[in-house]
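Enquirer: The chain contents come next:
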Amino acid sequence: MATPEALNLPTTVAREPIINWRTDLGYWLGRNPVTAVGMAVVVLLVLMAMFAPLLAPYDPFATDPRVSLQPPSWSHPFGTGPFGEDILSRVMYGARYDLAIAFGAVGIALVLGCLIGAVAGFWGGVFDDVLMRVVELLQAFPQFVLAMAIAGALGPSFLNLIIAIAVTNIPIYAHLMRVRILSIKGAQFAVAAASSGNSRPRILYRHLLPNSLAPIFVQSTLQPGWAILSAAGLSFIGLGIRLPAPEWGLMVAAGSSRIISGQWWISLFPGLFIVLAVMAFNLIGDGLQDLLDPQRKST
Amino acid sequence: MPPVVEVRDLRKLYRIGHAFSRDYVHAVDGVSFAIASGETLALVGESGSGKSTVARTVLRLEAPTAGETILDGTSVTRASEHALRRMRARMQMVFQDPYDALNPRMRIGEQVAEPLWLSGKSSRRDALHQAREFLRGLHLPADADRRYPHQLSGGQLQRVGIARALVTEPSLVILDEPTSALDVSVQAQIINLLVDLQAQRSLAYLFISHDLHVVGYLADRVAVMYLGQIIELGPTAAIFERPGHPYTRALISAAPVDHPRERRQRIMLSGEPTSPINPKPGCRLATRCPFALPRCVERDIDLTEVLPGHTVRCRRFAEEHQDGVWNPAPTGWKPGFDPAA
Chain D
1 MATPEALNLP TTVAREPIIN WRTDLGYWLG RNPVTAVGMA VVVLLVLMAM FAPLLAPYDP
61 FATDPRVSLQ PPSWSHPFGT GPFGEDILSR VMYGARYDLA IAFGAVGIAL VLGCLIGAVA
121 GFWGGVFDDV LMRVVELLQA FPQFVLAMAI AGALGPSFLN LIIAIAVTNI PIYAHLMRVR
181 ILSIKGAQFA VAAASSGNSR PRILYRHLLP NSLAPIFVQS TLQPGWAILS AAGLSFIGLG
241 IRLPAPEWGL MVAAGSSRII SGQWWISLFP GLFIVLAVMA FNLIGDGLQD LLDPQRKST
Chain H
1 MPPVVEVRDL RKLYRIGHAF SRDYVHAVDG VSFAIASGET LALVGESGSG KSTVARTVLR
61 LEAPTAGETI LDGTSVTRAS EHALRRMRAR MQMVFQDPYD ALNPRMRIGE QVAEPLWLSG
121 KSSRRDALHQ AREFLRGLHL PADADRRYPH QLSGGQLQRV GIARALVTEP SLVILDEPTS
181 ALDVSVQAQI INLLVDLQAQ RSLAYLFISH DLHVVGYLAD RVAVMYLGQI IELGPTAAIF
241 ERPGHPYTRA LISAAPVDHP RERRQRIMLS GEPTSPINPK PGCRLATRCP FALPRCVERD
301 IDLTEVLPGH TVRCRRFAEE HQDGVWNPAP TGWKPGFDPA A
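If you read the sequences in order, they're chains D and H.
Counting from 1, one number per residue, gives the positions in the first sequence under our numbering.
Counting from 1, one number per residue, gives the positions in the second sequence under our numbering.
Same shape as in the complex, but just chain D (with noise of 0.2 Å):
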């Protein structure tokens, strides 16, 4: 009979049963161009937050009152600010802030709305009565509405961003992860887990959660792009990060009361790094989201 030794197969294992990241990934990138163009641009972005300092031509605070409000140049490729200060460095240190916030935010509300969608779907009866009306009450308000109220009250700075950018993202995570135990919690695995002799918490983290991430880990690439369009709106109207840090909306804000005098470029190249790194974020999860779901096959 033939058995893998005999026939020289790998007999080494992967460790992801639905998706062998090694080999799939690049078979998987190859058919999915657009998707690809979407990690790219978002590893581009991350390298250039991180080498910033060696990146960028200028210190991103320094002025320079002999070449304010320059037009694009050579020297200056996105041109200058009311006091001298280089757009292009400004840009670069700027996504230092807005990938922190954009991994920070959708961090603590994947935690947090996991934890509390897992407890709720699990448990149930009081505990998901309580946790998940709590949920609808976030739900309640528009998500900017309730992000503005939560950064003002908190006041403006870049921890309470994050937290009222995290806070309005966690009804998405509680709903996913209470609907995905509840549909597996009955599962024959489950009873066997408790056969076994597994404490009810034990079942819940070690059998459970294992098998309940991956829609979750769809919706995590998908909100980044959501979470910096929401610091960018926040810091717009004055309720996020305060100058003169270089934060993407914080400047594109700065420069929209002079475009009417004609100088567009400060606005302009802060937003088109909004747009860039939104777009990258969902373009990755909605590459993610058929690969983890062959019917649902957007185009």
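Treat the hints as calculated values from the structure; they're not laboratory data.
Values in this document were obtained by computation on a predicted structure and should not be read as measured data.
By construction, the Cβ of each residue, glycine as well, lies at the ideal position given by its N, Cα and C atoms.
It cannot be assumed that every hint is accurate.
[What the hints assert, rightly or not] With a straight-line Cα cutoff of 20 Å, these simulated SDA-like cross-link-like pairs (lysine to any residue) come out:
id : chain 1 : residue 1 : chain 2 : residue 2
1  : H       : K280      : H       : S270
2  : H       : K280      : H       : R11
3  : H       : K334      : H       : S270
4  : H       : K280      : H       : V257
5  : D       : K185      : H       : Y14
6  : H       : K121      : H       : A79
7  : D       : K185      : H       : D97
8  : D       : K185      : H       : E272
9  : H       : K280      : H       : I267
10 : H       : K334      : H       : E272
11 : H       : K334      : H       : P279
12 : H       : K334      : H       : P281
13 : D       : K185      : H       : L61
14 : H       : K334      : H       : R295
15 : H       : K334      : H       : G271
16 : D       : K185      : D       : L209
17 : H       : K280      : H       : D302
18 : H       : K121      : D       : S199
19 : D       : K185      : H       : R105
20 : H       : K121      : H       : L84
21 : H       : K334      : H       : L293
22 : D       : K185      : H       : Y99
23 : H       : K121      : D       : R202
24 : D       : K185      : H       : E62
25 : D       : K185      : H       : D100
26 : H       : K334      : H       : P290
27 : H       : K280      : H       : D97
28 : D       : K185      : D       : G125
29 : H       : K121      : H       : T74
30 : D       : K185      : D       : P215
31 : D       : K185      : H       : R85
32 : H       : K334      : H       : R264
33 : D       : K185      : H       : A63
[Said to hold, decoys possible] To be clear about the criterion: a stretch of chain D counts as covered by chain H if any three or more of its residues have a C-beta under 8 Å from a C-beta of chain H, and this derived list gives those stretches:
id : region
34 : 187–196
35 : 214–224
Since the structure of chain D is already known, use the hints to place chain H on it.
Expert: Relative to the frame of chain D, chain H by itself:
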């Protein structure tokens, strides 16, 4: 010798509708039996008769509404949560669908080792080692313990399920239709493996099935369930050759025969099973039974010992049989319908 497991008057009621509803599904309604070491008791009945609920409530994977399970002289039902988790090593279960019964994201070895170290029988490291050895003994691939479930076939997965149930050397193993999801060619392997393991370890099996051929081959005694109650319990040969209860007769006569020319008298039941929600007093088969009479629905029917070790829940059989023989004529009577009137 005292039985390994004794189940006394087990009941499981599910409330339906709102929180103060008085409507209950009587999924299991007073089930009692005992199994000795090395013995196989088969539990047969149609879908919805409560077989699987019996399995879950006996092991207290679901709390019974009433009744008790005694395992090796200790009560499973009254044990504390902590004590119960330690007892789990002595009562295990093999599940119906091997693809669904194993965690898709956990290595096989981890899953087989869990009942060992979670019950405190050995350290986690020793448990993983023992699990690997046990899997080798079942002729699984040498590296099966490091694989994930999707890397094995259905028959291999069911052997993993058996390994997980038997690695702790339990006293009682509940087999919940362990072959019904497998190919016919693999079913025989699994059945033979179960027989061998039972002989080596003198295990007590509660074998839940609706495959009467497998039951006839494997079981020492057979309990027939209908709408949450055991309606007949007796030695396998007696149940197959001289079934007493009309429902058992219909069930046995409905099983496919071995030879196409073989013919036998069919006992047909008409209509659907009555609702298990708040069942009326009297025999639960009365609406479908060809031999029903008005006295069948006067009051609840008890299990009556008609021959040594053979009990039947049928009033007419208990009153009219001669040494276990009863050949009634169809009556044409239905509850709520009297042709004479």
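Enquirer: Now look at each hint and say whether the structure bears it out.
Expert: Hints versus structure:
1. The hinted pair formed by K280 (chain H) and S270 (chain H) meets the criterion: a straight-line CA distance of about 19 Å does not exceed 20 Å.
2. At most 20 Å may separate the alpha-carbon atoms for a hinted pair to count; K280 (chain H) and R11 (chain H) meet this at roughly 16 Å.
3. Taking the CA atoms of K334 (chain H) and S270 (chain H), the gap is about 11 Å. The hint holds against a cut of 20 Å.
4. With a C-alpha separation of about 35 Å, the suggested pairing of K280 (chain H) with V257 (chain H) is violated against the 20 Å cut-off.
5. Taking the CA atoms of K185 (chain D) and Y14 (chain H), the gap is near 18 Å; set against the 20 Å cutoff, the hint holds.
6. Note on K121 (chain H) and A79 (chain H): the hinted pairing holds, with a Cα-Cα distance of about 18 Å set against a maximum of 20 Å.
7. Distance restraint check for K185 (chain D) and D97 (chain H): the Cα-Cα separation of roughly 16 Å lies within the 20 Å cut-off, and the hinted pair is therefore satisfied.
8. For the suggested pair K185 (chain D) and E272 (chain H), the alpha carbons sit about 31 Å apart, so the restraint of at most 20 Å is broken.
9. With a C-alpha separation of about 24 Å, the suggested pair K280 (chain H) and I267 (chain H) falls outside the 20 Å cut-off, and the hint is violated.
10. A threshold of 20 Å between alpha carbons decides the hint, and for K334 (chain H) with E272 (chain H) the separation of about 13 Å falls inside it, so the pair holds.
11. With a C-alpha separation of about 16 Å, the suggested pairing of K334 (chain H) with P279 (chain H) holds against the 20 Å cut-off.
12. Only pairs whose Cα atoms come within 20 Å are accepted, and K334 (chain H) paired with P281 (chain H) is accepted, the gap being roughly 15 Å.
13. Restraint check for K185 (chain D) and L61 (chain H): the C-alpha separation of about 13 Å stays at or below 20 Å, so the hint holds.
14. Straight-line distance between C-alpha atoms of K334 (chain H) and R295 (chain H) comes to about 11 Å, which keeps the hinted pair within the 20 Å bound.
15. Among the hinted pairs, K334 (chain H) with G271 (chain H) is consistent with the structure: their alpha-carbon atoms are about 11 Å apart, no more than 20 Å.
16. Between K185 (chain D) and L209 (chain D), the direct Cα distance comes to roughly 10 Å. Compliance with the 20 Å bound is thereby established for this hinted pair.
17. Among the hinted pairs, K280 (chain H) with D302 (chain H) is consistent with the structure: their alpha-carbon atoms are about 15 Å apart, no more than 20 Å.
18. The straight-line distance between the Cα atoms of K121 (chain H) and S199 (chain D) is roughly 16 Å, inside the 20 Å bound, and the hint therefore holds.
19. Restraint check for K185 (chain D) and R105 (chain H): satisfied, since their Cα atoms lie roughly 15 Å apart, inside the 20 Å limit.
20. Proposed proximity of K121 (chain H) and L84 (chain H) is supported: the alpha carbons are some 14 Å apart, at most 20 Å.
21. Proposed proximity of K334 (chain H) and L293 (chain H) is supported: the alpha carbons are some 8 Å apart, at most 20 Å.
22. Taking the CA atoms of K185 (chain D) and Y99 (chain H), the gap is about 15 Å. The hint holds against a cut of 20 Å.
23. About 18 Å separates the Cα atoms of K121 (chain H) and R202 (chain D), which keeps this hinted pair within 20 Å; it holds.
24. Pair hint K185 (chain D) plus E62 (chain H) holds up; C-alpha atoms about 13 Å apart against a cutoff of 20 Å.
25. As the CA atoms of K185 (chain D) and D100 (chain H) are separated by approximately 12 Å, the hinted pair is consistent with the 20 Å bound.
26. Annotation: proposed proximity of K334 (chain H) to P290 (chain H) holds, straight-line Cα distance about 8 Å (limit 20 Å).
27. Distance restraint check for K280 (chain H) and D97 (chain H): the Cα-Cα separation of roughly 35 Å exceeds the 20 Å cut-off, and the hinted pair is therefore not satisfied.
28. For the proposed pair K185 (chain D) and G125 (chain D), the alpha carbon gap of about 15 Å is at most 20 Å, so the pair holds.
29. Straight-line distance between C-alpha atoms of K121 (chain H) and T74 (chain H) comes to about 18 Å, which keeps the hinted pair within the 20 Å bound.
30. Distance hint between K185 (chain D) and P215 (chain D) is fulfilled; the C-alpha atoms sit about 16 Å from each other, no more than 20 Å.
31. Only pairs whose Cα atoms come within 20 Å are accepted, and K185 (chain D) paired with R85 (chain H) is accepted, the gap being roughly 19 Å.
32. Restraint check for K334 (chain H) and R264 (chain H): the C-alpha separation of about 26 Å exceeds 20 Å, so the hint is violated.
33. Only pairs whose Cα atoms come within 20 Å are accepted, and K185 (chain D) paired with A63 (chain H) is accepted, the gap being roughly 17 Å.
34. Only residues whose C-beta sits within less than 8 Å of a C-beta in chain H count toward coverage, and the region 187–196 of chain D has 9 of them, enough to reach three; the restraint holds.
35. Under the rule that three or more residues need a Cβ within less than 8 Å of chain H, the assignment of the region 214–224 of chain D is violated, with 0 such residues.
Violation of the numbered hints given earlier is confined to hints 4, 8, 9, 27, 32 and 35; the remaining hints are satisfied by the structure.
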